[in-house]
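Next come the chains, spelled out residue by residue.
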Amino acid sequence: MSFFVNLALGLLFGAGLVVSGMSDPAKVLNFLDLFGTWDPSLAFVMGGAVMVAFVGYRLVLTRAEPIVGDRFHLPTRSDIDARIVAGPAIFGIGWGLGGFCPGPALTALGLGATGTLAFIPAMILGMWAARLLADGTAAPRPA
Amino acid sequence: MTEFTPIASLIGGMMIGLSAVLLMLWEGRIAGISGIAGRLLPPYRDGAFLSRFGFVVGLVAAPLAMIALGGVEISQTVSSNIPLMVAAGLLVGFGSVWGNGCTSGHGVCGLSRLSTRSIVATGVFMATAIVTVFLVRHVIGA
Numbered sequence: 280m281s282f283f284v285n286l287a288l289g290l291l292f293g294a295g296l297v298v299s300g301m302s303d304p305a306k307v308l309n310f311l312d313l314f315g316t317w318d319p320s321l322a323f324v325m326g327g328a329v330m331v332a333f334v335g336y337r338l339v340l341t342r343a344e345p346i347v348g349d350r351f352h353l354p355t356r357s358d359i360d361a362r363i364v365a366g367p368a369i370f371g372i373g374w375g376l377g378g379f380c381p382g383p384a385l386t387a388l389g390l391g392a393t394g395t396l397a398f399i400p401a402m403i404l405g406m407w408a409a410r411l412l413a414d415g416t417a418a419p420r421p422a
Numbered sequence: 623m624t625e626f627t628p629i630a631s632l633i634g635g636m637m638i639g640l641s642a643v644l645l646m647l648w649e650g651r652i653a654g655i656s657g658i659a660g661r662l663l664p665p666y667r668d669g670a671f672l673s674r675f676g677f678v679v680g681l682v683a684a685p686l687a688m689i690a691l692g693g694v695e696i697s698q699t700v701s702s703n704i705p706l707m708v709a710a711g712l713l714v715g716f717g718s719v720w721g722n723g724c725t726s727g728h729g730v731c732g733l734s735r736l737s738t739r740s741i742v743a744t745g746v747f748m749a750t751a752i753v754t755v756f757l758v759r760h761v762i763g764a
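For the protein sequence lines, the chains are P and V, in the order given.
One rule links them: number in my numbering = place in the first sequence (from 1) + 279.
One rule links them: number in my numbering = place in the second sequence (from 1) + 622.
Keep in mind that the hints were calculated from the coordinates and are not lab data.
Virtual Cβ for every residue (Gly too), placed ideally from N, Cα, C.
One thing to keep in mind: the hints can contain errors.
To be verified - Among chain P residues calculated to face chain V with C-beta under 7 Å, some are: (1) 280; (2) 281; (3) 339; (4) 343; (5) 410.
As the list claims (entries may be wrong) - Partial list, derived from the structure: chain P residues whose beta carbon lies under 8 Å from chain V: (6) 283; (7) 303; (8) 311; (9) 319; (10) 346; (11) 376; (12) 388; (13) 407; (14) 409.
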């Protein structure tokens, strides 16, 4: 059941990326090109998404628990450590090089562009490497 | 040049926000794509693999379903420079997981929750992305 609900939510998210134009790396790169061919569209995507989520999260979180599952899995940390700066710094360089972040890249996969087919396996590998490295450097988990 | 599309981008953004809200309502999780995609590979620590797999299948299928149902044309310009795209993929994958989120987890969900860490993360990745594009387009002149 959760598979199909998530499938529907992934379709909605992916359709949002396509409708908003964010599945096109050229539009993303032009947003980032403040001193060239600037296209402010991405700010409207984030604005629309944040507006809905800001209100929607507040409504949803008045509930005691989600529909399935025992609790809301909300990040609780508020400390600024090296990883919360270094990770996004590295991510931003890659985003600026290719114009893809993870969501739009996955949405572009089925369209089969050569650059996308090169990007996706590298991204998955990078994600996996970061998880393994994080596990290696994290404090030992209680058994 | 790409066309400035404020209305379509706002509507698309609201669809993304709605998906994030419904995922929180359904199973109490943040709609962060790097978190979802990054946990498709082992090790598996919770029972949410099928959920994550379903979400990713939906993301990948979305444009194909739109083309099949609505006959929409999706225009896309992706660099075909393979070494560049491999490097970009490695950096995006590593950095997003190392920093616990990307444009969706930090940029959309985190900002909506007014999370300090997400505000810092979003500021940092926007800054390095803007500098990268500036260097590539206006200094190196690619």
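Comparing the hints with the structure gives:
1. 280: 9 Å, violated
2. 281: This hint holds: residue 281 of chain P lies near chain V, its Cβ roughly 5 Å from the closest one there, short of 7 Å.
3. 339: Since the shortest Cβ distance to chain V is 5 Å, the answer is holds.
4. 343: Since chain V brings no Cβ nearer than about 11 Å to residue 343 of chain P, farther than 7 Å, the hint is violated.
5. 410: Cβ of residue 410 of chain P sits 6 Å from chain V, so the hint holds.
6. 283: 7 Å, holds
7. 303: 5 Å, holds
8. 311: Hint on residue 311 of chain P: holds, closest Cβ of chain V at ~4 Å, below 8 Å.
9. 319: With a closest approach of 6 Å, the residue 319 of chain P hint holds.
10. 346: Holds. Min distance 5 Å.
11. 376: Given a least distance of 4 Å, the restraint on residue 376 of chain P holds.
12. 388: 5 Å, holds
13. 407: Status holds, d = 5 Å.
14. 409: 4 Å, holds
Going down the numbered hints, you'll see the structure goes against 1, 4, while the others check out.
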